[in-house]
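Novice: Sequence:
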Amino acid sequence: MFEYLKSSYFYCIIDPVKWWKRYWAAIGWLQTNLYQGIKWVVMAIPKAIIWVVTLLTAPFKWLVMSAFNLIVWIVTLPVRLIRWIFS
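The sequence shown: position 39 = 39 (my numbering), numbered continuously.
These are computed hints drawn from the structure, not numbers from a lab.
Certain hints may be false.
Beta-carbon label-pair distances, calculated as ranges [to be verified]:
| id | residue 1 | residue 2 | range |
| --- | --- | --- | --- |
| 1 | I74 | W51 | 31 to 39 Å |
| 2 | S87 | M43 | 55 to 63 Å |
| 3 | P59 | R22 | 53 to 61 Å |
Pairs of lysine to any residue residues, derived as SDA-like cross-links and limited to a Cα-Cα distance of at most 25 Å, are as follows [claimed, not checked]:
| id | residue 1 | residue 2 |
| --- | --- | --- |
| 4 | K39 | T54 |
| 5 | K61 | V75 |
| 6 | K39 | I50 |
| 7 | K47 | F60 |
| 8 | K21 | L34 |
| 9 | K47 | G28 |
| 10 | K47 | T32 |
| 11 | K39 | W51 |
| 12 | K39 | W29 |
Please read these numbers as outputs of a predicted model, since none were measured by experiment.
Backbone N, C-alpha and C fix where the C-beta goes; we use that ideal spot for every residue, glycine too.
Build the full structure now, drawing on both the sequences and the hints.
Specialist: Right, dumping it as structure tokens:
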């Protein structure tokens, strides 16, 4: 029975050194995971900003390119008509 208690978490009450080691292990685990979580959030912020800006500007980019293509089509129309007439 005592062997079972020594291997269990209940033994932490009896042995403060073991409890202290487990406490510091838990603190270390928490620090590592908090650091990783904060790092993930900090690294995700620029990606999220780029993603949102891309989504917001994509329609305007399409409009600008469409307007540019329309201008090119209108400007080259006389040349294309002349070529079509004389071909």
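Novice: Verify the CB-CB distance for I74 and W51 against the hinted window 31 to 39 Å.
Specialist: holds, 35 Å
Novice: For the pair supplied as a hint, K39 and W51, confirm whether the alpha-carbon distance does not exceed 25 Å.
Specialist: Holds - the C-alpha atoms of W51 and K39 are around 19 Å apart, at most 25 Å.
Novice: Given the hint that K39 pairs with W29, does the C-alpha gap stay at or below 25 Å?
Specialist: Holds, because 15 Å separates the two Cα atoms, which is no more than 25 Å.
Novice: Check the hint pairing K21 with L34 against an upper bound of 25 Å on the C-alpha distance.
Specialist: holds, 20 Å
Novice: So if I understand the rule, the pair passes when the alpha-carbon distance is 25 Å or less; does K39 with I50 pass?
Specialist: Measuring from Cα to Cα gives roughly 18 Å; hence the hint holds.
Novice: Given the hint that K39 pairs with T54, test it: the Cα-Cα distance must not exceed 25 Å.
Specialist: With Cα atoms ~23 Å apart, K39 and T54 stay inside 25 Å; holds.
Novice: Using the Cβ atoms, figure out if S87 sits within 55 to 63 Å of M43.
Specialist: holds, 59 Å
Novice: Mind checking the alpha carbons of K47 and T32 for me, to see if they're no more than 25 Å apart?
Specialist: Answer holds: K47 to T32 is near 23 Å, not above 25 Å.
Novice: Is it true that P59 and R22 lie within 53 to 61 Å of each other by Cβ?
Specialist: holds, 56 Å
Novice: Compare the distance between the alpha carbons of K47 and F60 with 25 Å, and conclude whether the hinted pair is satisfied.
Specialist: holds, 20 Å
Novice: With the threshold set at 25 Å, check whether the alpha-carbon distance from K61 to V75 stays at or below it.
Specialist: holds, 21 Å
Novice: Would the pair K47 and G28 pass a check requiring their Cα atoms to be no farther apart than 25 Å?
Specialist: With Cα atoms ~29 Å apart, K47 and G28 exceed 25 Å; violated.
Checked against the numbered hints listed earlier, the structure breaks hint 9 alone; every other hint is satisfied.
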